[in-house]
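Chemist: Dock chain B against the given chain A, drawing on the hints supplied.
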Amino acid sequence: MKEILDVKSLSRQFGGLLALDDITFTLREGEIVGLIGPNGAGKTTLVNSVTGVHRATAGQITFSERRIEGLKSHRISRMGISRTFQVVQPFPRMSVLENVAAGSLFAGHASTPNEAKRLAQEHLAFVGLDREAEKSASVLTLAGRKRLELAKSLAMRPRLLMLDEVNAGLNPAEIDAALNLIRTIADRGVTIVVIEHLMRVVMNVSTRVLVLNQGKLIADAPPQEVVKNHQVIEAYLGKRYASAMKDAR
Amino acid sequence: MKRAFAPLLMLLGLTALVVLPLAGDNYIIRLATNMLMYSVLGLSWNFIGGYTGYPSFATSAFFGLGAYAGAISQGHGVPMVLAWGIGAVVATSFAGLLGFVLLRLRGHYFAIASLVVAEVLREVVNSATDFTGGGMGLNLPILRIDVDRLAELFYYSMLSLALITLATTVIVSRHRLGFGLRCIQQNEDAANILGVDTTLYKNFAFMLSAVFVGAAGAFYASWVNYIDPTDVFDILLSVQPIVMVLLGGPGTVFGPIIGAVAYLALEEIMLSNLLSFHSGLLGLIIVILIFFLPNGLFGLSWKRLKRWMGISSAEEAA
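Taken in sequence, the protein lines are chains A and B.
The C-terminal position of the first sequence is numbered 249 in the working numbering, with every residue numbered one higher than the one before it.
The C-terminal position of the second sequence is numbered 318 in the working numbering, with every residue numbered one higher than the one before it.
Treat the hints with care, as some may be off.
Straight-line C-alpha distance at most 20 Å; calculated DMTMM-like pairs for lysine to aspartate or glutamate [stated by the list, open to error]:
id, chain 1, residue 1, chain 2, residue 2
1, A, K72, B, D197
2, A, K72, A, E132
3, A, K72, B, E188
4, A, K72, B, E119
5, A, K216, A, E234
Partial pick of chain A residues on the chain B-facing surface, computed with a CB cut under 10 Å [as the list claims (entries may be wrong)]:
id, residue
6, S77
7, F85
8, F91
9, N99
10, G108
11, L119
12, A125
Simulated from the structure, these hints should not be mistaken for lab results.
Just so you know, even glycine gets a beta-carbon here, dropped at the ideal spot from N, CA and C.
One chain only, chain B, in its complex shape:
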């Protein structure tokens, strides 16, 4: 049943996303753009964290690097879309070099090492004042078009990037690369002895986790028109995508998107209803969800749900 409905559901979802700007106001469009951006971050983290099982906290490093690469390029007269490409290339190359060193570490050690990267980059950007504007931040050229058109432009650009990331996920998950990454996640030594070139595969996954994040960072810079080191190297940019993927379903194709939408919707509801304690309650909900759904919302099976219901009704009867 699930299989027959899936393509139909996807088509419906896609249509809804494409026509959304016609229906929604700027608030909705902005929220949707944000959801798409976080979907990109979640899908990206999923390559290294979900499929490969390496808990990377380097997302914000790639994001900030992409943002600065894009912003500096645009400042030097590079067209906006090309600058997003530059953001992607810079972040990916950096990931390739970084992965060569970091991916020798495993588990907690890898997590801590990847966490430090963004901190180091932030300090570097802070001190390279001539080039990056340092702590004062960097202004980007403003596009001289109508505000509504601008919101639509950013929305559709982000939608395209999200779709490209999703398509890459689908391809990787069916390709031998995805198979190899799943082997590494479950038993790296056994994978190696079975003929998987683990060093190469891990590096691929790490670079995949950077390329679209770098583009998203550069996109973000153009979108908000002003970036500073604390904003784009924010640790939350590393943590939130992880929470979203865990919420949605790690190592699955659609889990990260479901997670991003669920997370941001929850956050939005909390924020508008419970201003003073919203992050506390949000945290609580996430902990509960992850506790009871270890495979994420995507791993929710109707069979198990029914069994739960069955148990509870049996208890009631007793």
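Looking at chain A on its own, in the form it has when it is part of the complex:
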């Protein structure tokens, strides 16, 4: 499969804190990759650095053969990287339809607001929100707002989609529905990064898992291997537990 994103020795410093420390990995077209790690490991910082919200302190980011570190985030969005936010970010006083239309208009392929609304309708139908199209975005339930966030990102016609905790706060039935959506999107050839700290979700959906801990990439392997990885167990459950596990084996 073709490489779509190539991150080389990426670092990001916040004052004295090294939030990302020499991260290197690649993503291939159509993959679903999980990105996990304990709270504060640097998952969201990584997403923010790739999408141009933060500027990388050092390193290179190449997206479909073009260097993107240092580009402004709206440029990166238009090139085909879109992301959802951990804390959903709707335009509260716009209708659900207009929210999605914004994505089509500014990063997708619509040239007029009316065309954008027409395209938005399709994306809403895809995520199952077409009946709420005329409602104000602020009245949706949490699950609805997460779907809206997804529809907005899809409206941008992404080639790489980064989902930052789209499943947080959802009940098991809602999570299953969301995972089905994610698989369908990947089948269309969109590369997906699933950022989660719910292990179950990531193990279930991804073909490969990246594990971050304290700003370092400690594992890059298929899910079955990651759960057995000593460093990963240590990061999640502590050193003593990890060595106890090892002894038991």
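Modeler: Here is chain B on its own, set in the frame of chain A:
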């Protein structure tokens, strides 16, 4: 129902505005010209304050700059209408440069920074005596035509400027620019990540909030024939349009006009009936209106009105 009546109402209003000078005396024409001028200021502020959500207090800076640019041009023999154009160009260019710096600030910080601009300009104009006449002000060449014709000329010029501003508002609100500005107003970071070039869009909105104000300032200079720094850089020129837009309905096409007319009509009634306490009472009315109509007069919905009535009649029954 509202949709079917709207074009008819607009046509009627426009006809009334066009024939007004035939019916009214000079007092009415002057009042109407003033209403139109404030409509221009309100519509202009609406671009940056209403659609984009950046509380700009720079209106008086653009107004004063336009007034001085126009007055100085006219003093050097530039024809009046061309001088109004110069006022617009100078104010817009200034807004473009200023926006590059100021629009990095948000909320209260932006408000304070934009507020200071007019003060700085006033001091600059005050001290550049050779060029601007300083605190003594600047006289403009008097047009040698009949007073009634003159009033009509200014009235129709202001009407044209107001219509151009309104047309621009309609176009912007339907264009992707207007859509993008509304996104910025509601969530700037999300707008940026959705692909809106927020820096560029905000700057456009800021320049739009200056262009017609600059022209109006230059127009005002020609109209009153004499300007001085305290008059054209008056803070009220920044505050009143904001109040008018909030009164009429921010981020709507017709709200600023409704607000300007309502505000000036109220002011006129207060002024003629309650000379000593008029501004106090005016302030009170505005506070009450904004409190109870957060979306402005334009956002007044018959449904809600009926519901209020329903509640009050139910209470009476009980």
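Chemist: A separate judgement is required for each hint: does it hold in the structure or not?
Modeler: Hints, verified against the model:
1. A:K72 - B:D197: holds, 9 Å
2. A:K72 - A:E132: violated, 33 Å
3. A:K72 - B:E188: holds, 14 Å
4. A:K72 - B:E119: The hint is violated at about 34 Å.
5. A:K216 - A:E234: At roughly 14 Å apart (the allowed maximum being 20 Å), E234 of chain A and K216 of chain A satisfy the hint.
6. S77: holds, 4 Å
7. F85: holds, 7 Å
8. F91: Where the cut-off is 10 Å and the nearest Cβ of chain B is about 4 Å from F91 of chain A, the hint holds.
9. N99: holds, 9 Å
10. G108: holds, 8 Å
11. L119: violated, 14 Å
12. A125: Because about 20 Å separates A125 of chain A from the closest Cβ in chain B, which is outside the 10 Å limit, the hint is violated.
Consistency note: the structure conflicts with the earlier hints numbered 2, 4, 11, 12.
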